[in-house]
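Visitor: Take a look at the letters that make up each chain.
2 protein chains.
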Amino acid sequence: MSKRVYFFGKGHTEGSAEDKNLLGGKGANLAEMTSLGIQVPPGFTITTDTCAEYYELGKTMPEGLLNEIQKNLALLERLTEKGFGDEENPLLVSVRSGAAVSMPGMMDTVLNLGLNDKTTEGLAKRSKNRRFAMDAYRRFINMYGNVVLGMTHGDFEHEISSLKKERSIELDTDLTVDDLEELIRRYKAVVLKKTGTSFPSDPIDQLTGAILAVFGSWNNDRAIKYRRINDISGLQGTAVNIQAMVFGNFGDNSGTGVCFSRDASTGENYFYGEYLINAQGEDVVAGIRTPEPLAKLEEVKPQQYKELVAVKKQLEQHYRDMQDIEFTIEEGVLYILQTRNGKRTGQAAVQIAVDMVSEGLISKETAVLRVTSAHLDQLFHPMIDASKRKNFRSVVKGLNASPGAAAGQVVFSAEDAEDWVQQGKKVLLVRNETSPEDIGGMNVAQGILTATGGMTSHAAVVARGMGRPCVAGCRDIRIEDKKLIIGDTIYNEGDYFTIDGNTGEVFVGELPLEEPKVSEELNIVLRWADEYRKKSPRASRPNINVRANADTREQAENARKLGAEGIGLCRTEHMFFSEERILHFRRMIISSSVEERKAALAVLLKYQQKDFEDLFEVMEGFPVTIRLLDPPLHEFLPQDADQIKELANITGVGESDIRATIASLHEMNPMLGHRGCRLGITYPEIYDMQVRAILQAALSVSKKEIPVRPEIMIPLVGTEAELKDLRARAEAIASETLEGNKDIDYVIGTMIEIPRAALTADRIAEHADFFSFGTNDLTQLTYGYSRDDINSFLPEYLEKGILTKDPFQTLDADGVGSLIHIGLKKGRSVKKDLKIGVCGEHGGDADSIEFVYKQGFDYVSCSPLRVPQARLVAGQSVIKDLGAAS
Amino acid sequence: MSKRVYFFGKGHTEGSAEDKNLLGGKGANLAEMTSLGIQVPPGFTITTDTCAEYYELGKTMPEGLLNEIQKNLALLERLTEKGFGDEENPLLVSVRSGAAVSMPGMMDTVLNLGLNDKTTEGLAKRSKNRRFAMDAYRRFINMYGNVVLGMTHGDFEHEISSLKKERSIELDTDLTVDDLEELIRRYKAVVLKKTGTSFPSDPIDQLTGAILAVFGSWNNDRAIKYRRINDISGLQGTAVNIQAMVFGNFGDNSGTGVCFSRDASTGENYFYGEYLINAQGEDVVAGIRTPEPLAKLEEVKPQQYKELVAVKKQLEQHYRDMQDIEFTIEEGVLYILQTRNGKRTGQAAVQIAVDMVSEGLISKETAVLRVTSAHLDQLFHPMIDASKRKNFRSVVKGLNASPGAAAGQVVFSAEDAEDWVQQGKKVLLVRNETSPEDIGGMNVAQGILTATGGMTSHAAVVARGMGRPCVAGCRDIRIEDKKLIIGDTIYNEGDYFTIDGNTGEVFVGELPLEEPKVSEELNIVLRWADEYRKKSPRASRPNINVRANADTREQAENARKLGAEGIGLCRTEHMFFSEERILHFRRMIISSSVEERKAALAVLLKYQQKDFEDLFEVMEGFPVTIRLLDPPLHEFLPQDADQIKELANITGVGESDIRATIASLHEMNPMLGHRGCRLGITYPEIYDMQVRAILQAALSVSKKEIPVRPEIMIPLVGTEAELKDLRARAEAIASETLEGNKDIDYVIGTMIEIPRAALTADRIAEHADFFSFGTNDLTQLTYGYSRDDINSFLPEYLEKGILTKDPFQTLDADGVGSLIHIGLKKGRSVKKDLKIGVCGEHGGDADSIEFVYKQGFDYVSCSPLRVPQARLVAGQSVIKDLGAAS
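In order, the protein sequence lines correspond to chains E and L. Under our numbering, residue 887 is the last one in the first sequence; the count climbs by one each step, no gaps. Under our numbering, residue 887 is the last one in the second sequence; the count climbs by one each step, no gaps.
Bear in mind the hints are in silico, worked out from the structure with no lab data behind them. Do not rely on the hints blindly, as some may be mistaken.
Since copy identity is lost for identical chains, a pair holds within one copy or between any two.
Unchecked claim - Distance condition first, Cα-Cα at most 35 Å in a straight line; then the derived DSBU-like pairs of lysine-lysine:
#1 Lys832 to Lys704
#2 Lys725 to Lys599
#3 Lys72 to Lys398
#4 Lys855 to Lys832
#5 Lys535 to Lys344
#6 Lys83 to Lys60
#7 Lys307 to Lys833
#8 Lys725 to Lys855
#9 Lys806 to Lys725
#10 Lys119 to Lys72
#11 Lys801 to Lys833
Start from the sequences and build out the full structure, keeping to the hints where you can.
Guide: What follows is the structure in C-alpha cells.
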C-alpha cells in the first residue's frame, strides 16, 4: 500500500510542484511554496490515487487512511501549536478539492472545520471576538450541511430570513452576537429535522465527512460537465487539501487579497491586485465592500507589502510565468494561500511571452507555446469591450457564423444598407437569409444577422470571406415589414443592435467595441513560430506552410499582410455573385444550347481572367490554388417572381421557361447533388472556360515578370474516372492556351472531400499533382450531417455528451481523421511527394492543425484573419514534436 | 516467337475447346468440333495474342504473320482441293472475329473473300449458277468496302437504289444477272471515287486487309461500350477465324438452318429449329422467306436430318449444355458452322438444369450455377410477353423503381383508383409523387407511375415493399386536370397504358403480359442452392442465411413461402403511414409537451404491438430485425392546405402552429438531417414506445408457445455514444417490460450506414449484438450522391463511362466495399462472433451477395420477391468458393 497523505509545513514537506498528478495543482503548489520557504498555512494533501481507490471500493474510505490522516493531524497540531478539537486553542482547517487541472468552483470546499459548541467558545476567547467566532460557526454549519449532509443552501437561508424578519433588520451584519447564537441553534435544529441526525460535533467525524464529500464531488454533474466542455480527460480523481485556517478578519492588523505578478489585461510588468483589511476572501467576492488597490497596501502595511513583493518575485522566477496569488494577513503575518499561472487576455499573453524572453526567464519555444490560438483570436476582430460587457444581456442567440463584434442600426435590405451608409450611418444588415444580390449591402454593413441558414449558408460563407462579423440562423427573430420582432417586442428600422460573431449573441443597443491591436510583440511571436514551422523533425516534410482562402485582391493582400504563403482555396463561384456577373451566369444556366452557353461563358471568361490576374499579382509566385465551380447551378438562379421577370426581360427567355429550368434543377438534397466535378463532366464548357481564364491570367501576369504558380483544383471527385477525364480536358485546354510557353508551371489536383475519394486515393493520386482535403464536406459525409440542418440536434448532442465537440469546428480525429489517414497513405503510396493540404474551417483550428501536421501535411489553408493563428499553432506543433520547450 | 495461327480441319487440328482464351470461343469450338469428327468447313484461327501484338506495334501487322497465314492457306487449299485465287476452282473464305467471350454483332465479319473478276467467273462456271456468283461478288464488294475500306453501307445502297429505279423494279431479287454485273461495275467505281484506289483484286491483299480490319474492330466504340455494359474485362483482343466458305444456296440440294438442342423457351427436351432450302444464313435473318420448322427437314432430307440429330446429341453430350447450332447443307453435305451454349429463358434454364442432372449429364453444383439471378427475376413478376414486345415502342422512360410489368387504365388519384377497382377495372395509378394517403390506391392499382422522385421516393419504396410494379421519376410526363401529357400528346383518364418496372419503360395501350410461373423444378434448384449455402468452406461462418425485408403479415408470409429465414429489416415507419395511424403520428409531432406526445404514442403503441405480433407469429422463431424509426419527422406531416386544416380541426391545434411546426422541421438536406437515432436521442419517448411495443408483442406471442427472436435495430448510428445511450435506454425498458421473463431472448444491434460507423466499428461493436450494413445510405454517403437527385447526372456518367454501374444496384466493391471491409474487421476484432448482415437493395443483387459472402457476412436481407434469387446466388457463391462445380 503506497503513501496516501503528503504533509506540507516548515521542515517537513513531502511533495513538490512535480507531483501535480498525485497531489493536484493546488496541493503540489502548496508543497512547492512551503519548500521555497514561503509562509503557507501548513497542512496535508490526500492523493488523487486515494480518490480513485475510494471509487474502486464503491465509494468507501480505504482502510488505513484515517490512521494516516490522524498522524498528519498530530504533526499539524505540533506545527501550529493548536489542538484539533482543543477547547482552549482549537485548530481549524479548510478542506478543499484540487485536481491536477484547475476546475475552479466545480468541486466542494468546507472552511472553519473543527468548530463545535466548545471549540467555538475557545475561538471566541482566543480571538477576543465573540461575534467573529459565532459567525464562523454558523457559516461552518451552513457550508457543511450543504456540502457534506446534502442539504440545500435554501434550508439555511430560510432560517436567517425568518430571524431577520423577527428582528426587523435587513443586513446579515446587523445580526447581534445573540442573534448569531440563536441562529446556530436554529441551524442545528434544521439539520436534525432534515437529516434525522444531530450535527456532528466530533471534529474527526466532521473531517471524515468532508473528505468523503470532496471525493464525491469529483463526479457531480457540474464537474463531469466541466471536464467534458474543457476537454479534460485521463484524470483519476481529485486530491483533498486539509490546511490550517488563517483569518484575515481578526481585526485591523489582518486582511486578505488577490494579486497578479503582471497586468493580466495588458501584460505590463506591473504588480497589480486588490485587498481588504479585516476581511475574509468571501467578502472580496461578495462585493459589499470595495477592495483597495494593492499600491495602497504599501502605505498601510509597508512591511507586509514588501514581503508580498518579494514573494511575487520569487514565485514568478520560480514558475517562470505570470502568477495569480491569493494571500491573507493574520495579525500582521503574511500567508500565501494559493499561487497559480494567471489567466490573461490575448494582448497580455503576447506581451508577457515576449518580455519574459527578453528577461531571460523563458525560451522562445516556451514563449510560442504560452500564446494560444484563442488569445490571437481576440486580437484580430473588434470585440465587445470586456469590462462593459457584463452590463448588457443578449436578447437572442444564433450561430457564431463569422467572428468579431459589430454594432449599428438595423436595416432590412441590401439597398437600404448601401443608402444608409452613403448617408454616413453604420448599419447591421438583417435578413431572413442573404443571396448573391445582397453582396453590396453585406460589404458596407458592419455585420450581418440572418434568421435562417447555417454555418455554410450564403451569409456565413460570404461574411467569413469578407471578414465581416455575422450571426446566422437566429431562429428566434422574425422580420416583417421592416420590423424586427423578438418575442413580443417589435424593433424598428434604425434601432441600434450589437452582434457578437464569436458567441452568436445579439444585443439590443450599441455596445462599446474594442478595435483589434496588432502589436510588434505579436509579430515577434509569430516570427518565432515561423522559425519552428520551417524546421520540423520529420525529414520528408521539413516545414508546414500556411496559406489563406481568398477570392479577391483585397482578401489576398490582407492574407499576405498576415503572413500567408499562398492561396490554398480560391472559390471561383464567389466571383459570379456580384451584380454584373450573375446575369451572365444565369444566362449561361438557362441557355438552351451549348452555343448560347458558350457565348455567356465568353463574357464570364474576361471577368474571371481579371480576378485571377489580381490574385497572381498579389501572390508574386506563391502558389494559388483555384477551385473550379463547386455549387449546384440552382444556387445561382433567382428566387422570387420579380427577379425571374427581370431575368426574362433581359435575356428574352420566357418566364415559364425560366421557371421550368428552376424547377428542373431543384434538388431534394443539394449537398449530395449535381455539383462540383459532376458539373464539370456534364457541362464541360464551364470548366473549360475557367481553366482557360486561369492560364490566360497566368500568361498575362507572367509577361509582367511576376512569377506565377497556378494550381487548378477539381472539386468533389469521388472516382478516378472523373479526375482522369477532367484532367485530360484541362491539359488539352492548357496546351492550346499556353502554346508551348514553358514559363507557366501549372499543376492539377483535386479536393479529397468525398469519403470514396479518400478510400480510393491511390487510384485518384495517379491523376493528381496535389490533394487538398476539404474537411467541411468530408465531415458532412463521414457523419451524415448537413451543416445547414445540424442545429436541430447538435445543441442537444453537445448537451448530452453524445458529441464532445462540434466536428465542424474541430476535426474528428477518430472518424474523419481515419479517412484522412487512409487517403494520405494511399495517395503517397503512389506518389511519394504528393503535396497534401487542408482547406476549410479546420485549417484555422488549433487541434485540427496539430492533427494534420502529425499526419504529414504540407500546408493548411484558412481564412485570412486566421492565418496568424495557423502560423502560431503550426509552430507550436513542431515545437511539441521536437520536444524543444524549456 | 510463339505460334500465331492454329489450323482446324480433318486430320490436322491444332486447337481445342480448352484454348478459348487463345483462339476465342468460336475458334476453340470449331477446333473442338473438328476433333470430334464433326464436319466443319476447315480453316485456321489467328490467336488473340496476335491481336494484342497488333496493338502493341501501333496497329501494324506483326512480322512473320503473313508467312504463317500463307502456310495455313496452302494446307486449306490441299484439304478443300481448291485454290485461293484459282480462276477455275476458287477457294473462298469467311473472315470473322471471335473473342473469348461472345460479343454478338459487335465486331466485323467479311464473307465470300477471294472473289475478283476472274475467280467470280470460275465460281459461276463451277456452280453452274452465274446469278449466284455475281450476287456473291457484289455482296463481297459491299461488305469489304464497309468493313475494311471504311465506306458506309449507304455508299453502296445508293447505287443499288439508283439502278432499281432505272430498271423500275422493287426487290433486289428482281435484278437480272446483267443488272448485277452492272452493279459490280458501279460498286467498283464508287470504291475508287471514295477511297482513291481500286478495289483490291489480289485475294492475299483482300485477306490481309480483312484481318487487320477485324483486329481494329476490337476497339471500335460499339465493342468498347458492349464490354463496359456487360462488364467484360481482362481480355487482350479478338481472334480471327479464316474458314472455307460453304454455300446453302447452291440449289435445292443445299440449305441452311439454326437449331437448339432443347427448347430455349420452355426447356423441354425437344429438338427445335428452323431451316431454308437453297438459301444462305442472311436470308433467314432478312425475313423475306419464311423458314420451315426443323421437323419438316426429316421428311425432305431424312439423311441429313439424321446426321444433324446425331451431331446435336454428340455436341450436347460433349458440352453438357443446351447447344445453339448453325448448319449449312452444301449439295447434300451437312456442315456445322458454329455451336455454342444456347441462350434461354428463366423457365428453360431451370428446366434444363434439373433435367440434365436427372440425365446424369451435369452435377447439382453445375445445375445451380447454370441458372442466373436474371433468369429467376423473370419468374417472379408478370412480364410483357416477350414474343409480342417487339410490336410496341415505349413512349417515355422513367426509373425502374419496382420490378414487373403492369397494364391498366390510368387514374390520377388514390381515391379514383379505389373507386375504379371497386367497379372491376384494372388501373395504373399516375401521380406526380405519392404520399402516405395514397397507400390504399397504390395497393389496389396494378402499378404506379410517378413524374418525380427517385429510387427511394415514397412511391418506389412502398411499391417494392408491396411487390407492385413501379416506374418512378418519369420526368417527361405532365399531369394536369386529370390529363396525362407526354410531349404534344394528351391522354385522358381511363386510357390504357402499360409500364415495365424492370426497364422503366412506359407504353401506350394494354400490352399482353405473362404471369410468373413457380415450378417444382425451380424449387428443386433452390433447394440444391440451399444445401450449398449451408456448407461454406469458411470454418467460422458455415452458412449464409437469406432473410427478407418485410413490414406486414402479408409480406412476411410471402417471404417465408419464398424461403426467407427471418426478417432482416422491418421498417417501422411504414406502419405509420396508413390512414388511421398517421393522424396519431402527426398529433405526436405537433404536440407541445412531452405529455401530449406520450399520449399520442400510447395509441400508436397498440398498433405497433399488433404489427409486431403478426411478424413474430409468421416467423415462428426465425429472427425478426425491427428497425426503430428512421425518417425525419417532416416526412409524416401534411403537405397541402386542406390537410393542414383537417389536422387542425381534428387535433384542436391552430393551423398557424401546425404551419410553424412544418416550417421548423424543414431541412435543406433531409438525407443528412434530423432522423434515425438522432430522433431517438432528442425524442426518446418515440423509441421507448417502439421498444416497448416490440417486447410486449414478443411476450404475447411467446405465451402462445410460438418461439420469438426479436432483434432491435438502431438506425443511423455514427458515434459510439449514440448507441451506448440508446442501448441503455432500451435495456431499461426491456427489464421493465419483461419483468424477468427469460423466454424472450432479444438482442440489440445497429445499422452500419454512416461512414463514420464503419470507421469506428470497433467502438460501436462494444454496444452492438449485431451489425446490419445499410448499403443504400452507406453508398449515398460514400459517394456523396443523393438517390433522389442522382438522375440529373447518373445517365451521363454511365454513358461516358465515369461509372460502369449504378452503385445503388450493384455494390461498389472499391469504395463502399472497403468501408464494409473496415467495418467488419473492426467489429469482429472486438466481438469475434458479431453477427453481420446486409439489408437494402444490394441484399438482392447477385454481385453484391457474392461480395458480402466473401467478406464473411452471416446473412443477406432483401425484398420478399428477391429471396429466391438471393438463395440461388448465395448457394452459387459457396459453390464457387468450394471450387466444386463439375
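Visitor: Is it within a copy, between copies, both, or neither that the alpha carbon of Lys535 lies no farther than 35 Å from that of Lys344?
Guide: Intra 30 Å, inter 68 Å, cutoff 35 Å: intra-copy only.
Visitor: Checking Lys725 and Lys599: alpha-carbon separation at most 35 Å within a copy, between copies, both or neither?
Guide: within (23 Å within a copy, 55 Å between copies)
Visitor: Check Lys855 against Lys832 for me: Cα-Cα at most 35 Å, and say if that holds within a copy, between copies, both or neither.
Guide: both (19 Å within a copy, 31 Å between copies)
Visitor: Classify it for me, Lys83 with Lys60: is the Cα-Cα distance of at most 35 Å met within a copy, between copies, both or neither?
Guide: within (32 Å within a copy, 106 Å between copies)
Visitor: Regarding Lys806 and Lys725, is the shortest C-alpha distance of 35 Å or less found within a copy, between copies, in both, or in neither?
Guide: For Lys806 and Lys725, the Cα distance is within 35 Å only across copies (18 Å; inside one copy 37 Å).
Visitor: Reference check for the pair Lys307 and Lys833, CA-CA at most 35 Å: within, between, both, or neither?
Guide: neither (64 Å within a copy, 70 Å between copies)
Visitor: For Lys801 vs Lys833, is the C-alpha pair at or below 35 Å within one copy, between two copies, both, or neither?
Guide: The answer is between: 31 Å across copies meets 35 Å, while 43 Å in one copy does not.
Visitor: State whether the alpha carbon distance between Lys72 and Lys398 is at most 35 Å within one copy, between copies, both, or neither.
Guide: Answer is neither: 55 Å inside a copy and 91 Å across each miss the 35 Å cutoff.
Visitor: With identical chains treated as interchangeable, where does the CA-CA distance between Lys725 and Lys855 reach 35 Å or less: within a copy, between copies, both, or neither?
Guide: For Lys725 and Lys855, the Cα distance is within 35 Å both inside one copy (30 Å) and across copies (30 Å).
Visitor: Classify it for me, Lys119 with Lys72: is the Cα-Cα distance of at most 35 Å met within a copy, between copies, both or neither?
Guide: Intra 23 Å, inter 128 Å, cutoff 35 Å: intra-copy only.
Visitor: Using 35 Å as the alpha carbon limit, work out where Lys832 and Lys704 are close: within a copy, between copies, both or neither.
Guide: Intra 32 Å, inter 65 Å, cutoff 35 Å: intra-copy only.
The structure fails to meet hints 3 and 7 from the earlier list, while all remaining hints are met.
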